[in-house]
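Enquirer: Take a look at the letters that make up each chain.
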Amino acid sequence: MRRIDLFLGFFKMGALGFGGTGPIMRAVIVDDCRWLDDAEFAGLLGLCQALPGANTCNFAVILGDRFCGAGGAAMALLGLLLAPLAILVTLASFFAVFAANADVRAALFGASAAGAGLAIGTALKMARNIPRDPVLIVLSGAAFAAAALLRLPLPAIIAVLAPAGFLLVGARR
Amino acid sequence: MKDDLLVQIFLRFAGISLLAVGGAVATLPEAERQIVSQLHWLTPEQFAQTFAIAQTSPGPNVIVYSLFGWKLAGLAGLIAATLGVLGPSSLLAFGVARVMRRAGEAAWLARLKQGLTPLAIGLMAASGYLLARAADSGIFAILVTVASSAFVAFSSRSPLWAMAAGAALSVIAGRAGWL
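Protein chains in written order, with the working numbering: chain U, 1 to 173; chain A, 1 to 179.
Hints listed in this document are in silico derivations from the structure and should not be mistaken for laboratory results. Every residue gets a Cβ at the ideal spot worked out from N, C-alpha and C, and that includes glycine. Warning: the hint list may mix true and false statements.
As the list claims (entries may be wrong) - Below, a sample of chain U positions facing chain A; criterion: calculated Cβ distance under 10 Å: (1) 4; (2) 33; (3) 73; (4) 84; (5) 103; (6) 105; (7) 136; (8) 142.
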């Protein structure tokens, strides 16, 4: 693995990650590049979610460092951010023009509806591709219910479910 | 004076960086309190519009902070803001991962990662659910969301096909007057 591969992989995730980077991240890292399998990906993503900061950025730092050291971490993070920042600045400069176009508004509406589906579908796919474990399914459901239905604060969810996962999921193996 | 502002942006956003447990969106109430109410750097309308623009861009949500920096001080502001909001959290992630790697194949580490898996799955599904609720509850939006989630879950093709199809169908639906 070279630093340029890391840069290009994360550049793709940044440039194509509309509506949240999680789904495209899994597609690039697990399906395209085969850097990790689904179990490794989900474990590392869980760690990135438990740590403060943006999940994807933490992921870039940790994976970049694992494959290519500190320089790899920097290259992965730079690759991840370069395209979104350029697009963002362009969007901000011409936002009035874009927002006035009905087709653009409709496309954004459709893309955000599809983006919501991507996140749900990716969660289902991860659940299907890792070893079956009833405890894992119950805890995943609890995380979903706590965040989506009960709207509990994330630090509280992590404080309860991370130790619960450590004790229950791991203990079965 | 301008350098002062850059340092201010960097320090303020660095302070917010470690608060972002579970993603950048969770920190926006705190950012709003500081940027709008306390410092008067942006009006409430500018703050909301900046967030809306950032939502339409690809990439991690945290880049909304980069756009705040851009609004306040141009390119230098964007760089100061990005380094500020990502610096502390990235260094922490870097350090934690190194410590964990030194532990190597320790059994507790494998258990920890396995134990965090439900968080990854449940929170990803929850963010999809919340995004769907925030977007719209119209029947067209629900159909697009359900179809794209089925596509991603059961096909090995890139999820971007679902995204592109959703955007294209919406343009057609918009032109036909169904939206």
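Enquirer: Against which earlier hints does the structure fall short, listed by number upward?
Expert: 1 and 2
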